[in-house]
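What follows is the residue order along each chain.
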Amino acid sequence: MKQLISIEINGEVHELAVAPQDSLLHVLREELGLIGTKKGCDTGGCGCCTVQIDGRAVYSCMTYAMSVQGKPVVTIEGITENGQLDPLQQAFIDAGAVQCGYCTCGTIMAARELLATVPDPDESQIRHAIAGNLCRCTGYQKIVDAIKLAAANSA
Amino acid sequence: MSDVQNYLSPHRLDDAVKAMAGGDTTVLCGGTDLSPQTDSGLREYAGTLMNIRRIEGLSGIDLIDGQIRIGALVTVTGIGNSQLLDELAPVLVEAADQFASDQIRNAASLGGNICNASPAGDMIIPLLVLDAVVELSSWRQGTVHTRQVSLDEFFTAPGKTVRQENELLTAVIFDQPAESFVAHFRKSGPRPALEIATVSVGIGGRLENGSLSGVRVAMGAVAPTPLRARSVEATLEGKTLDAETIRAAAVDAGEQATPIDDVRASAWYRRHLVCVFTEEVLNDVLEN
Amino acid sequence: MNRKSSDTPIEKTTLIGKRVRKPDAPDKATGKTRYINDMVLPQMLIGKILHAGRPHAEIVSIDVSAAEKLPGVHCVLTGKDAEGLRFGFVRDNVALKNRVRCEHDEIAAVAAETEEIADRAMALITVEYRDLPGVFTPEDGREKDAPQIHDDFPDNKSLHFEFRHGDLAAAEAASEIIVDNVFRVHHVTHCCMGTSCAIADFDSNGKLTIWSQTQYPYNYKMDLAPALGMHPGDIRVMQPPVGGAFGSKLDVYPYEPIAALLAKKTGRPVKVMFSREEEFRSSPTRQPAVIHMRTGCTRNGTLTFRSADVLLDNGAYTSWGPTIPVVMMRTTTGHYRVPVVHFNAQAIYTNNPYAGSFRGYGNVQTTYATAQQMDMLAEQLDMDPIDFHLKNAQQSGETTPQQAFLRECALDECLRTAAQASDYSAKHRRYTLAREQQGRYKKGIGLASSIHNAGGAKIHKSDGCGTILKVDDYARVTVITGASEIGQGIDAVINLIVAEELGIPLEHVTIVNDDSDIAPWDVGVHASRTTFIAGNGARRAAVKARQQILNAAARMTEIAAQDLDLRGGFVVREDCGTKVIKLEKLLRRMHFQPEPELVMVTDYYEPNSEPEGADHRSDHSAAYSHAVHVAEITVDTHTGEIRVDRITSAQDVGRVINRMGLEGQIEGGIAIGLGYALSEEMQLEKGMLKNPCFRDYKVLTAPEMPELDLHFIESNCAEGPYGAKGASELPTIVIAPAIANAVYNATGIRFFNPPLTPEKVARAIWDRQQTETGPSADR
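Residue numbers (this note's numbering), protein chains in the order written: chain V, 1 to 155; chain G, 1 to 288; chain A, 1 to 779.
Hints in this document: simulated from the structure, not taken from any laboratory. Treat each hint with caution, since some may be false.
Derived lysine-lysine pairs resembling DSS-like cross-links, with alpha carbons at most 25 angstroms apart [claimed, not checked]:
#1 A:K18 with V:K148
#2 A:K32 with V:K148
#3 V:K2 with G:K18
#4 A:K690 with G:K160
Kindly produce the complete structure, drawing on both the sequences and the hints.
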């Protein structure tokens, strides 16, 4: 039983027909074609689908699309402004934090909340902030390096 | 595969409990338990899915007349960031910091964690140590009716509580702990973000001259429900917290635990950890 | 640009050893990359597979009529639709089964308009099974009266491998110390972040296009064809970006021919994509094994022999897993100087999930045994392990019993570097002494090493790679290579090599390697071969193009070609860097002249190695490499938790090409190896997986990773590109025994069965206390 709702994603309001149990991940990918938010497990176990709602990182696979009405959602596609990459995106590229890249967008979105609240995080804060994001390629070292680099570049 | 017929997102408590009056309502808040449970078929949706996140007045953490009241909608992040709790009930902040990943903490609500009634529920153990009660609201005779149930008596089985189908958990309440009250929490797992506690232990009491009184001991994932270990409390009550008492309490805690073998750990290991953690938490309490 | 700056000479610089970013990183970091999992084609149907959900059974009946009638369902296939279409290494598999041999066996498949309809259709299929007694360990499978899993494989025997060198009895008699242990290494799985996915589509001529995650596109055609009853030439393989592979995509798995069979039947493109739970249950594993190993030495610390008797849990079907003995025996015979070696391996069919290849490919398993036995022997000799290792370490110019010729061997330097950087010997002594003292937390340090092929491995008839390189009128270069990109970074390596040879900016190189109709042949991404083989290919092609360009420049300028160089997009004088002509201008002149020429070259690089051969005596790789890891850990003796504090790694990489990519491979390899050592385990109970999710299958997270101290030893391999050797498997291979040796150093307890979970460690420590002090009353 779908209902028409309007949700704000990356500053743009979308009118969509959504079933109450549809996840935000499903709506982002299947309805809006925002494929940067990845489906890795669909059960809140890998972090590939991380987006920000009201500035906070959440798993979009566990978030009900209906519940984000009136709450601004930001996805990886929404953090590049006027062609200017987010400092985290640039740092992930420059520090070699991207291998297969499947976890990259979700990890950037998790790190984004960290840098917004702790501009100069230490190693342990960084590692804990991305503890909900699995990466099978990098061993996390280059990801941690990238977040440090982004913090330094934003300072 | 049942389809949800109706979606509600009330702003007022009375609207919410009115909607629940007829049953057939699935309550949604953070969705971090509901979503995987319904996806895996462990749970079915009722006809109405009701998002309670927007209900006003259930998102506060307040000290009122010597009692601390935490609204059911407060997220685990909200607990972890609370100045008030950090001062008055730091054991809750300690547990919140060890709760899953940032993403789950940001979404998961206190009320949801309690109502999910997992024997391993991370926020439940410290709340048992604080001797909390839960407030249940329902629509009765044209008004919002509330009752309080001791958290200790709230759980009946894994995933089961005394909450009726028409009741909404609206708050958690406990007395402001005495100045001398000390409590700590310990959970297993080197992989905190994605770990479901193999075992957790929380212990609190008034620490005066090296001895504990008003002791409360709670243990997670060692029984079908989160467990108050009263005999361990008796072992500790009024005794000087020396090595011998601590050892005796640890041994007793191991005996009180009735864990199971499952994919996460054997019963032996769970019991073993209960002893280790009891000893560890008591030493933390002593060193506070 | 003013005249002055344009006249500035261009100095000779090199990119080799620099930090170069992956060309696909910007799209991946912005969410633009369309992975195969993201792909949607017009008219595309969704395919779903019904898995058996029981380990061993006959199918009494199957009824799909209700599913077929569901609106939106286009077809339902069952075993009868794949009958006789046998595929696999020994032709023991079919895409859809008439009998159940493991939990995930594919019984039926549906193609429907949407995933939801497909799921509903699955629920409408009724199957009546008659369960059969199963075989769940290779030991049980060998029993006389064991249930037979395949009619045509008597006694459940799958592959067998043997190698003998020297007189074992004499060597044993001459040994003063012998260690003899049984190691049991477990089931783990790849956990690619992008789940398995295939999209199949037939054109009107009957040609199949399959979008696949494969990491070996050319042999893939050969392997896929029999599962469809097709000619391999009628298959086109497309390789969109993938969310990891790690060896898991080196074979054909049933979901791939199923996608094609559904597409054929419906005449529409069909996408099959696993859920995460399906991924855990139905994708390949690392080969588990029971390894009975014996190693001997003399009192003065000289190795005398090594023997390994290996039993492999084949699982229900034969993929690459049971072929790992070809690598296991290389380690058994080549890990240190071992004069006498006997190796025997038998794979036994069971009703467990079956293994494919997984980073480290047999060497992970064997090194877990060899590297611990080296540690045990050193202890029994009362010798510093480093001295024992150095005494037996091969040197350049030595040949192993299997005839692997170690041209540039840097084991010695790896050992000394890792030991020195970690202060290994002093800490090892100190922690050994501290073991006897009181205290909850115990520190330990452990060293392990291994050898691996680093210049390909000629297990096929060819180990080559084709390259086509063209330079256009604007000096933009396209490299069409057979080498697949699976996240490992061969794109950056080829990019760097071509830019190096042609003196052009990195951004001016495009790599095409995603279409088997375009790119030339390559054996696949495996065996730590791609930088070596495809790197050599790219370099050789670029050198040919460079020569053509310089010759043309020489003709136009009357400066000898050998006095010219390509730098910064210009032809310059080799000696002083003075600009002679802008490269793109030269290219246009070459093109638009009376005798026009285009720069487009091809290369097929076949390494100078020898085929593996039936007797396993050959120099099967163009290079060999060693790595040494030192693990420093802290054990909580109460909870059994192991915290890994630091890993020091010294590895012979030949020569660093892309430093950033290399570091990433070593770091990532260590993480996968640490998971294997500490926490990852497929918990199987009578063939059924109990932990098919990330909560219970524990991949390491960021806070658990230790500090890493990486040392690259550059042995300058004569055959490798710029001296480089392959590198990506050794870090995964060496780490687990380093951890096990460290845990022994900390606790005095040996662990023969990874993973070293907190429970396993706590239990072992507690059991030892019981035997030392007698059962205590309290627990």
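Each hint tested on the structure:
1. Restraint check for K18 of chain A and K148 of chain V: satisfied, since their Cα atoms lie roughly 21 angstroms apart, inside the 25 angstroms limit.
2. Proximity of K32 of chain A to K148 of chain V is assessed by CA-CA distance (about 24 angstroms); at most 25 angstroms being required, the pair is judged to hold.
3. Restraint check for K2 of chain V and K18 of chain G: satisfied, since their Cα atoms lie roughly 24 angstroms apart, inside the 25 angstroms limit.
4. At roughly 24 angstroms between alpha-carbon atoms, K690 of chain A and K160 of chain G fall within 25 angstroms of each other, so this suggested pair holds.
Hint check: no violations occur; every hint is consistent with the structure.
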